[in-house]
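Asks: Same order as they appear, the protein sequences are chains A and B.
Sequential numbering from 1 applies to the first sequence in the working numbering.
Sequential numbering from 1 applies to the second sequence in the working numbering.
These are computed hints drawn from the structure, not numbers from a lab.
All figures in this text were calculated on a predicted structure; none of them were measured in a lab.
None of the hints are false.
Covered by chain A, per the in silico footprint, the following chain B stretches (three or more residues, Cβ under 8 Å):
1) 68 to 80
2) 124 to 138
3) 177 to 188
Calculated pairs, DMTMM-like style, for lysine to aspartate or glutamate (alpha carbon to alpha carbon, straight line, at most 20 Å):
4) Lys-83/A with Asp-215/B
5) Lys-138/A with Glu-129/B
6) Lys-781/A with Glu-140/B
7) Lys-822/A with Glu-52/B
8) Lys-143/B with Glu-31/A
9) Lys-962/A with Asp-882/A
10) Lys-822/A with Asp-224/B
11) Lys-157/B with Asp-131/A
12) Lys-58/A with Asp-154/B
13) Lys-137/A with Glu-129/B
14) Lys-137/A with Glu-134/B
15) Lys-178/A with Asp-193/A
16) Lys-148/B with Asp-131/A
17) Lys-788/A with Asp-224/B
18) Lys-143/B with Glu-88/A
19) Lys-214/B with Asp-87/A
20) Lys-127/B with Asp-104/A
21) Lys-26/A with Glu-169/B
22) Lys-853/A with Glu-199/B
23) Lys-145/B with Asp-131/A
24) Lys-855/A with Glu-199/B
25) Lys-145/B with Asp-104/A
26) Lys-186/B with Asp-87/A
27) Lys-782/A with Glu-140/B
28) Lys-83/A with Glu-159/B
Beta carbons are placed, not taken as given, at the ideal position from N, Cα and C, and that holds for glycine.
What follows is the residue order along each chain.
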Amino acid sequence: MKSAFYVTIALCTLIFSRVSAQEEIKLKGKELFGDLQARQIGPALMSGRINDLEGHPKNNRVIYAGAAGGGVWKSFDGGVTFKSIFDEHPQSIGVISIDPKDPDNTIWVGTGETWTRNSVSIGDGLFQSTDGGNNWKKVGFNKSERISSIAISPSSQDIYVGVLGALWSDSEERGVYKSPDGGKTWERILYIDQKTGCSDLVTDPKDPNILYASMWEFRRTPWSFNSGGQNSALYKSTDGGKTWDKIHNGFPSGKLGRIAVAVAPSDPNILYTVLETEQAKNNGLYRSDDAGKSWQHLNNDFGLVVRPFYFSRLVIDPKNPDVVVKGGLFGSISRDGGKTFKNLGNMHADIHDILFDINDSDRMYVGTDGGVYRSYNGGTTMEMVTNLPISQFYHISVDDNEPYNIYGGLQDNGSWYGPSSSPGGIEARDWNSIGYGDGFRVLKHPTKNIIYSEMQGAENVWRYDVDRNKNKTIQPLPVKGDPKLRFNWNAPMAISVHQPDRFYMGSQFLHKSEDMGDTWVKISPDLTTNDPAKQTQEESGGLSKDNSGAENHTTIFTIAESPIDEQVIWVGTDDGNVQVTQNGGKSWTNTITNIQGLPKNTWCYHIEASNFNKGTAYAVFEGHSTGDFNTYVYKTTDFGKTWKSIITDEIDGFARNIQEDYENENLLFLGTEFGLYITINGGLSWSKFTNNVPAVAIHHIELHKKTNDLILGTHGRGIIIIDDISPLRQLSQEVLQKNVHFFDSKPTIMVEESGFGGGSTETQFIGPNPSKSARIVYYLKKRHTFGKMTMEIQDSEGNQVIELTPGKSKGINIVTWNYRTKQPKVAKGKTFTYGGFTSPRVQAGTYKVVIIKGKDTYETELVLVNDPTSLLTDADRKVKYDVTMKLYDMSEDLAYTVYEMDEWVTRAENLLKEDAKSKKVAEPVIKLLNDLKDTMVITKGDNYVGAAEPQLREKLSDLYSKIAAGFEKPSASEMDNLKLIEERFNKAKADFKKIKEKQISKMTAYIEKGNLKPITIKSKDDFLSE
Amino acid sequence: MMLALFFVASWAQAQTADEIITNYFENTGGYENWGALKGVKMNFKVNQGGMEIPVEVVQLSDGKQYTKVSLQGNNFMQGVYDGNVLWNTNFQTMKAEKADAETTANHKLNTNDFPQDLYDYKKKGYKLELVGNETVEGTETFKLKLVKEPVTVDGEKVEDVVYYFFDKENFVPIAQESEVVSGPQKGVISHITFSDYQEVEGLYFPFSISQGVKDGPSQPITVDAIEVNPEIDESEFAFPEGE
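With these hints in hand, go ahead and build the complete structure from the sequences.
Replies: Now the structure itself:
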């Protein structure tokens, strides 16, 4: 009995597990998302921060740019245009280095930016490409966080890597590392302590065993920065890194900060270094003429000492050791060996790297907070590269215009808004400036043409009246009894869906205005921890004071009013509180202690108030600025009484933002430091979305209510849009089990637009537009590889309208149809008739989509509707359609007539060859038909300025195209023109008929009589269906 | 059953590049039959915004080739190679023009790539390497790297590399990638997918090809007919002198 029971259990288990193994389909990433592709719309006009530039040592056409948050870009044309080559890997770049032994192919990238401002991202180690950047493999340094330098021996397999290391925490993975075997094995050869990393590592250009390494003691916290300490130092090794000596002869004593070092490529005895010291008078540039044995202090001008943590790059002209350039606020160049400096030419401020052309030192490239600049006159005139869409958005928002606009603020590049679609693509000139300084949140008033924007620390909050071109600053000001208002560098603002004029801002208090910022009321007590130890920003910076406001702390960071109930407001603070009010601010509850597993004081970056339930919210926390890179997202359904983590280990990178779908509450979108993640089951499992979304830090996500577009505000790759994510709402196990599944789609509006655009130059970035075509979206359980698979559109009577080529991918496929049928067949002439290339649109209605896959047929319906903004009434539209199709038919009629005539001419010409006596009957046919044809189609000339006078075919197809491509009722003038063309066509047909009856008839009789080869002319149907 | 699973897994892991392509040629008609192929003629239509354009492509084993594009009843010859001259019809003047010397020289290097560049790659001095696995078209594939003779671009020698993605299940290539090496698109990765493999006289050809750029738009074509060993008049390839 017992054993029988066990057998039954075992069988049940077996059956159950087999069934569930068959049933459960878990698709990830590319297997699932298929054709659902993102589009990167930039913008590139303000570009973004560059960390490092590198040139090919032998080919000055090839240049690489490493963006702080936007990956690696390669230029093949001497810096005129750049292409992204590192999309799949972390986009925060420290350094790029090219192997001088194999410069076309072997490239190394150290990730993790090294100019350690408050907003820096993190890297993920060292990468190598051996095919010029098309493919990359990770080499290691998983915990390096940021790599500052890579030095590759020109003669051996030695590679040296300088690891700056963790910015916000202690770390062992710092210092100088050496690989003796081209990167296979690594040994740490210079290490100071857990706080001190290698900020610069250079080798002697003549002797690769001579190394110079600068070591830097530094640390950030969310509320402070420290540069400098007893351990910062400059070292030299002459034995390939076995032993190191400090080379400080001529340096002041005491603590040092960040140290830059450079060796002159043309004279290895000449070195420059820039020091950050305890006394301002000792800061700045030092030079050595004896390879570091002794140093002489030359200069402490502003440009040489400004913000060492942000600007510590020294670059020496490859040909002239006395020409030295230093990064800085404006960049400084000396042509007298470092004694005196002048600023580089006008360009975006904040210069991080400089690259000289290998052949001509007048040609220079400069990496700034606003992209790459080129100079052809030694740095005096600077020209911006206009196709690097590496803009760094902090936040984005959208409006409900058609097409909708996207608003956002950027690191050191102000605030902007631009359209999601524009004639000719989204060009630089489509973007509008809406704020200065560092830009953060930008919000459009829900009903008025007014935009709110801000700069760092809410120093200015602008209310901009777009129609009147007037702005007013409206930031909350302290009133009697107030303590100092503490605004975050990236100060929160919010609008209300309930009260259009309502506007919120957060300092340590929540401020509310009901009149668009003219009157402010505090509706909360201090909602932060108000920890005084975290409010000492005046002392921040270390050896060089740096109180920019970037470290302001114990502030409110995110505000969310419930879309369901305006009395429910959520507030998250940078010091880890999550506060909620259910009575419009009368009382507040701090719910943070209800969250399990979250380290204390972890920054609450975003709260998403749910669209489904007023007690439901999502809170996203991130602790990167304490060195905690874990992902923290919690959901509450009871106003914060309980919180549940919705994170799985499928997610990589700390998260800053989550977006809930408006229709399916289990569909969520999460932005992390390394890309976009999507769950369709409320967070039980997550899948990374990669189709044209790089591994970039996604700071903010919006879902557009009308279009269902998912809009990503990235910190390094601009705005990225996934058009219409609605198919994801319909994904379920039931769908995934089907061999073919069509997703429901809403009726397609046949957009009527015909504007101008597209005047950008070829070197400017243009963001792609969304497709306005109808989308046929379906899922394939398995890729279709063998046998035939077709797709066609049929009208309501089952007639084929057009054939389309279906996608064959496993997962989601998207096929677009521009609601056009085939172009008309036009008469054969000598040249093109351009109007004949126009395909007419079909009429609004329901169409059938038919997929035939092997023996199986799958069908769905597709609905097309007319554009509600159309100028056409139903009656007008019918006239337009009828006239279009009349001209279409006339065009095909003419095509057949000309074909018939050509056949007769050919037969007549052959007849002449076959039978000399036929001259009398054949020649008149040839002559009369050719003369007639000359009036019907162009029979000479070319397709450019050698064009002949247009004839009937050209006039007909021009009118056809004019009416078919337009969006108005045919005008009186067009109808008159049609009459003229019809008359001419009728006359031509009558003339042909006459010739047929007389001359052709004679020739036919002659052929028949002589028993010669008869003529065969295709039927019109056969001719047209060819 | 466990044993069988084990074998399948280890067999899949032990694949080498040579095994993959040998398998492919054998399964799609036989290595020798592919080698005996003298030429291919392919007819398809390109659909551009509702405009259907008929195209005929011919490739012969001796390197001769043409693409005939039919527009409003007139034929435009493109990429025509007669063994010596590479030429195109200018769409404006409608006259034949020779391709520039560098393009022609690069093209000549590819004339040994019939029926496919992978075929007999060793004899041609090419290098083939299995570089890894990748999910392409939602499908697990082997990624193979083929390095051909270097080409010359704007005076510089550049490696000619093609990546093939072979479906792990059935050993046919379902995608191909290569870096665009010349022109303003230089550096962009061209991405081509293959499907609808069907038999023509014992050999399997993809009847659906979609050509575009990686992570960007693509242009699909559906092949109407493929003819093997077609009879083509030599004059079709000849550059029309004195036009």
